[in-house]
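A.B. asks: Here my numbering = 1-based position in the sequence shown + 73.
Think of the hints as simulated: they come from the structure by calculation, not from any bench.
Every residue gets a Cβ at the ideal spot worked out from N, C-alpha and C, and that includes glycine.
Hints should not be assumed to be uniformly reliable.
Beta-carbon label-pair distances, calculated as ranges [claimed, not checked]:
(1) 108 to 145: 29 to 39 Å
(2) 125 to 102: 33 to 43 Å
(3) 80 to 120: 10 to 20 Å
(4) 80 to 155: 14 to 24 Å
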Amino acid sequence: MKLYKQRVARKGQGKSGGFRTVILYQTAEHAFFVYGFAKSDRSNIEYDEEMQFKKMASHVLGLSDEQLARLIEKGHFSEVIEYG
Numbered sequence: 074m075k076l077y078k079q080r081v082a083r084k085g086q087g088k089s090g091g092f093r094t095v096i097l098y099q100t101a102e103h104a105f106f107v108y109g110f111a112k113s114d115r116s117n118i119e120y121d122e123e124m125q126f127k128k129m130a131s132h133v134l135g136l137s138d139e140q141l142a143r144l145i146e147k148g149h150f151s152e153v154i155e156y157g
């Protein structure tokens with residue numbers, strides 16, 4: 074179970090002018106995009122925010138498939154399915 078902060082380039086501006094995303098990831102199971110921001114708006118997340126995301130990761134990545142299905146059904150989560 075991991076928390077990743079990933080830089081994403083913005084077309085024509087490179088990574089420093091791009092975006093930062095926060096992703097919760099569990100090997101070969103699930104990945105959850107939980108937060109994103111433009112690097113021009115803020116340079117990084119604060120330490121206390123990172124700690125909250127880690128707490129969130131522990132909770133969310135511990136949910137069963139049935140619990141996740143209910144959260145998706147209720148509109149609390151959105152599922153993105155990769156085709157191909």
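A.B. asks: Next step is simple, just say for each hint if it's right about the structure.
C.D. replies: Hints and how they fare:
1. Between residue 108 and residue 145 the C-beta distance comes to about 19 Å, which lies outside the given range of 29 to 39 Å.
2. Checked against the hint of 33 to 43 Å, the pair residue 125 and residue 102 fails, with Cβ atoms roughly 22 Å apart.
3. Evaluation of the 10 to 20 Å hint for residue 80 and residue 120 yields a pass: the beta carbon distance comes to about 19 Å.
4. Judged by the Cβ atoms, the range 14 to 24 Å given for residue 80 and residue 155 holds: they are separated by roughly 21 Å.
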